[in-house]
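Using my numbering, you'd call the opening residue of the sequence shown number 78 and step up by one each time.
Honestly, I wouldn't trust all of these hints.
With a straight-line cut-off of 30 Å between C-alpha atoms, the simulated DSBU-like cross-links for lysine-lysine are [stated by the list, open to error]:
#, residue 1, residue 2
1, Lys133, Lys145
2, Lys281, Lys145
3, Lys285, Lys151
4, Lys285, Lys338
5, Lys145, Lys113
6, Lys174, Lys324
In case anyone wonders, no lab produced these hints; they're calculated from the structure.
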Amino acid sequence: MTKAVEFAFGKSLNQPPILENYNLFAADTPLQESVKANGGAWNNEHAGRFGEILGKAETLELGNLANKNLPILKTHDRFGNRLDTVEYHPSYHELMKIGIENETHSLSWTSERGGAYVARSALAFLKQQVDEGTSCPLTMTFAVVPSLKIQPEIADEWLPRILSNEYDARFVPAPEKRGATFGMAMTEPQGGSDIRANITFAEKLNEKGEYKITGRKWFCSAPMCDAFLVLAQTRRGVSCFLLPRFKPDGAKNAFHIQRLKDKLGNRSNASSEVEFHSAYAQIIGEKGRGVANIMEMVRHTRLDCAVGSAATLRRAVAESLHHCAYRVAFGKLLIEQPLMQNVLADLCLESESATALAFRLARGFDESANDEQAKLFT
């Protein structure tokens, strides 16, 4: 005769507890080994503190809230005046604050120690596991630095704001802010990744490198960033420009958000289509060298594409192992079942391989400053 099981309303049986209140860094041996092997272990104390913050129940819930409460586009106020703003849930801003205070956007540039890219990538790896959407503007802010340095006077103006560890979400001119974030806008409807097919154009205003840009961009993530690198045609070909949300006189720039993309994932992050109506901009580098100049930023974002993908795999593996350690099936914990052990071993192998490769790539960025051959790896 089958033993009776008492039914409890509102309670699920044979389910694991929520995976929370753990240290994301301390619990990840492959990450620690990859960081050590590639020269970034000097920042482990910081990574451990950050991992503890991110593993708290309240921080993990911020990630859930940011993805359930999607960004809202505000094109006009109730009187019909243009706004061109995006309203984010408070959880989004709190995650941005946590990321910036913990140097996920800046450590590679502010530390003079060897392995700074590796150390910073570890922070980005941890942050990505809580929310991918806010990692996008953090990555772009990190990645814009080498492109800005092509134009030294612009770098001198913007780098102190970019490297600040204070998050300032106010929609006000950048000189009034305690910190700034950056985005980029390259692609257009007719060309997509073929950016030499772009038709957005720039007209020269003066000899000080100032232009006005007219055109449309098909994909512009995080449109509430303070400034963007954009591509536009000049008489000498595609060129790179810095386009801020506010003009030097403090007036709003002609940066008009048309709509937000309806995306499958990365939903806490607003990705938009934008139009420029004679928008103020400053040129970065030589005219006609726009693709090469913006590719310095793109190249650095691709590092985080690798790191972030490995981080997503790690979060999936952590959840899988946790679930199988508590769930009973056919008289045993799932983690004790031979077939499930095979599946979990495959998942762990894929995750560890991705982590090892991502941090070897980060090391390549560290080494490329003094080694041209190492730069080929990046």
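Hints, verified against the model:
1. Lys133 to Lys145: holds (19 Å)
2. Lys281 to Lys145: violated (44 Å)
3. Lys285 to Lys151: Answer violated: lysine 285 to lysine 151 is near 34 Å, above 30 Å.
4. Lys285 to Lys338: Violated, at about 36 Å.
5. Lys145 to Lys113: Violated, at about 36 Å.
6. Lys174 to Lys324: It holds: about 26 Å lies between the C-alpha atoms, which stays within 30 Å.
Consistency note: the structure conflicts with the earlier hints numbered 2, 3, 4 and 5.
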